[in-house]
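Participant: One letter stands for each residue in the lines below.
Protein chains: 2
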Amino acid sequence: MAGKPLIMVPGPTNVPDRVLRAMLKPMISHRSEEFRRLYDGIRENIRYLFQTDGEVFVLTASGTGGVECMVNNTVNPGDRVIVPVFGLFSERLREKINLRGGEAVEIQLRYGTAPTVDHVEEALERAGRVDAIAIVYNETSTGVTVRDLPEIGRLAEERDILLLVDAVSIMGGDELPVDEWNIDLCVTGSQKCLACPPGLSLISVSPRAWEKIENTRSRPFYSDLIRMREFAMRRETPFTPAIPLFYALDEALKMIREEGLENRFRRHRVCAEAFYRALEALGLEAFPDREVRSNTVIAVKTPEDVRNSEVRRIMKERYGVVIAGGTGSFRESIFRIGCMGAISELEVLKTVEALEGALSEVGYPLKIGSGVESVRRFLHLDQ
Amino acid sequence: MAGKPLIMVPGPTNVPDRVLRAMLKPMISHRSEEFRRLYDGIRENIRYLFQTDGEVFVLTASGTGGVECMVNNTVNPGDRVIVPVFGLFSERLREKINLRGGEAVEIQLRYGTAPTVDHVEEALERAGRVDAIAIVYNETSTGVTVRDLPEIGRLAEERDILLLVDAVSIMGGDELPVDEWNIDLCVTGSQKCLACPPGLSLISVSPRAWEKIENTRSRPFYSDLIRMREFAMRRETPFTPAIPLFYALDEALKMIREEGLENRFRRHRVCAEAFYRALEALGLEAFPDREVRSNTVIAVKTPEDVRNSEVRRIMKERYGVVIAGGTGSFRESIFRIGCMGAISELEVLKTVEALEGALSEVGYPLKIGSGVESVRRFLHLDQ
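Going down the list, the protein sequences come from chains F and Z.
Residues in the first sequence are numbered consecutively from 10, following my numbering.
Residues in the second sequence are numbered consecutively from 10, following my numbering.
Do not take every clue at face value.
Pairs involving identical chains hold if they fit within one copy or between any two copies, as the list cannot separate such chains.
Claimed, not checked - Think about it this way: if two alpha-carbon atoms lie no more than 27 Å apart in a straight line, the pair counts; the simulated BS3-like pairs of lysine-lysine are:
hint	residue 1	residue 2
1	K34	K325
2	K34	K221
3	K13	K221
4	K310	K325
5	K13	K34
6	K34	K359
7	K13	K263
The set of hints was computed from the structure by calculation and includes no laboratory data.
Being a predicted model, the structure only gives us computed values, none of them experimental.
With the hints as constraints, model all of the structure from the sequences given.
Facilitator: Take a look at the structure:
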């Protein structure tokens, strides 16, 4: 296998050369006018991406650090927080709330399904006092998107309850108008649908969330949102930011703006649909229920008598295409494909070609070319 | 002013092209063998840099995040921690301990001085039960190095008390043999003496510290050292690392290894001495007491009737050299120069030339060339 491997895991994703090369710009002081202009541009474009007029910040930390920042700035010990659990990342969200001394009011769901507004309403009824609702919008571990998020946001607003959203693996890849959907805090990572290298978290805060944050005791030091707001007024970050990653993020956000959110979401949706159709053509079954399938993480069940890790090894070594297995106990039972960021028909074709080749090699019965043919037909790529 | 500016602030520092270009390597999955090999090499070289056989980790966060990680993994609510306060960064260390619910047993010192082993011993006497000693080895805000750190380490070992060291602005620029000096947790940042871009923290943990860490309640999620140790056994990080910065760090550490620690420390020491002599030749006064002057951060008092910010503006605009003012209430009363990482006689000369030019321009009485002449003489640069 020659050349760069094609990284099709659900993050980090492939980074366009234009974004990579931006990191070569000269080092600057983070207390200089050059940095302030850089951060201005970044924050303006984050507001566009998040579709928000609220405050936005960049934290040097990967998505998990950003989600912990969201929790630790809003949850006081003893606070009751509704959290639907339907995969690894929602388990982690629950753990963060509990670590903080909050009380997670859990909605336990079958993995492969998503919480609905009815689930949340029912939990609100039984829970009594509730201080916040915390939701993973896109479960990277199961390939599930919470399609009821707008309704859940409406409910949170009606009841005047804070809504915290982990959007790490979806922001920039599917609809997420933060203000319209009444999301109070929203977090994403740089290395997923933004097609930027890993290492940064992007965070938005609604106007009404500030009172809660100001009343949160023992906020973290490094990721204190009040301090971030103070420094943002001077157009700076409180602590030394990862300058090269800020350059990359600036470029990645410019590319998003050039493409336009609608076009970007459509591109992700079309590529996801091409994946799902190809998998079906190969006789494979998507892991999640149809109506909650993600457009950014494609999760598919390992067919019987096939070794997941062996298929992935062949895909990588023979075809130079890297996809992921499942997480935790699903390691061998799910394949996961990132449909994120710089995704186009080229990546879909290469990935499906590699998958059908590898499956065939391990003896899985399929007609070679049927997956690729399905992609071509759906995307009208036939000559 | 044409060309790249020369960044002479106390971090971020100038990054060699070789380190910058390493960031262009292809994106990889952080759960791949390629990443494991990368992290292996990095961790081996961190052990060399820290002179330790203990565990070492890299956290995607800037130095402040690393220091908070050190505190939040070792300090339980109610723990009594001795902390000498002699500048902004030791104030922050105290604040982190208090935020965590610990009780900071403060040694308040005049800024420009450093704590001695006697100060710490006296604090131990008056404090009664003490769970840890936390020290900033190099105060970036005042240009002071704690020269008694080895003796303090001996004392901590005798009394069986944990020693936590913030070495953000000095590791790689001056002596710091972590094991020999009995340091239990030691943290540095990538963007100072390592000549790597900002965004990563490097952390070491001594064998005896693990018991304490295991007994720390509600450790942080993102920067949980137990989780980092678990994942390090599989040669991975718990969460998505900032891959391009890992590439850069790998290269920066290789350069340190090629140069050798002794040579690197000597280079920093010689350049610092050249700075101090030049400043003296210009009639300027170092801010710290002579015996605790840092070899990595040069702090000098603003002369009377000179506007600090105006001098720095001229240095930047006319000479392309960026130095820092003081922090907080010292903003206008101190200049701070980074003597870190890729520092050599070239940077010293350019900085001194810019400083004397700018001082002269604002009417400060000096003989143009006297600073540069002093550097040349000391470094034997005369033709």
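Participant: Please sort K13 with K263 into within, between, both or neither, judging by C-alpha distance up to 27 Å.
Facilitator: The answer is both: 25 Å in one copy and 24 Å across copies each meet 27 Å.
Participant: Checking K34 and K359: alpha-carbon separation at most 27 Å within a copy, between copies, both or neither?
Facilitator: between (33 Å within a copy, 21 Å between copies)
Participant: Between copies, within a copy, both or neither: which fits K34 and K325 at Cα up to 27 Å?
Facilitator: between (33 Å within a copy, 18 Å between copies)
Participant: Up to 27 Å between alpha-carbons, please classify K13 paired with K34: within, between, both or neither.
Facilitator: both (23 Å within a copy, 9 Å between copies)
Participant: Is it within, between, both, or neither for K13 and K221, if the alpha carbons may be no more than 27 Å apart?
Facilitator: This pair counts as neither: shortest intra-copy Cα distance 47 Å, inter-copy 44 Å.
Participant: At most 27 Å between CA atoms: does that hold for K34 and K221 within a copy, between copies, both, or neither?
Facilitator: neither (39 Å within a copy, 43 Å between copies)
Participant: Within a copy, between copies, both or neither: where do K310 and K325 come within 27 Å Cα-Cα?
Facilitator: Answer is within; shortest intra-copy Cα gap is 19 Å, inter-copy 59 Å.
The earlier numbered hints that this structure contradicts are 2, 3.
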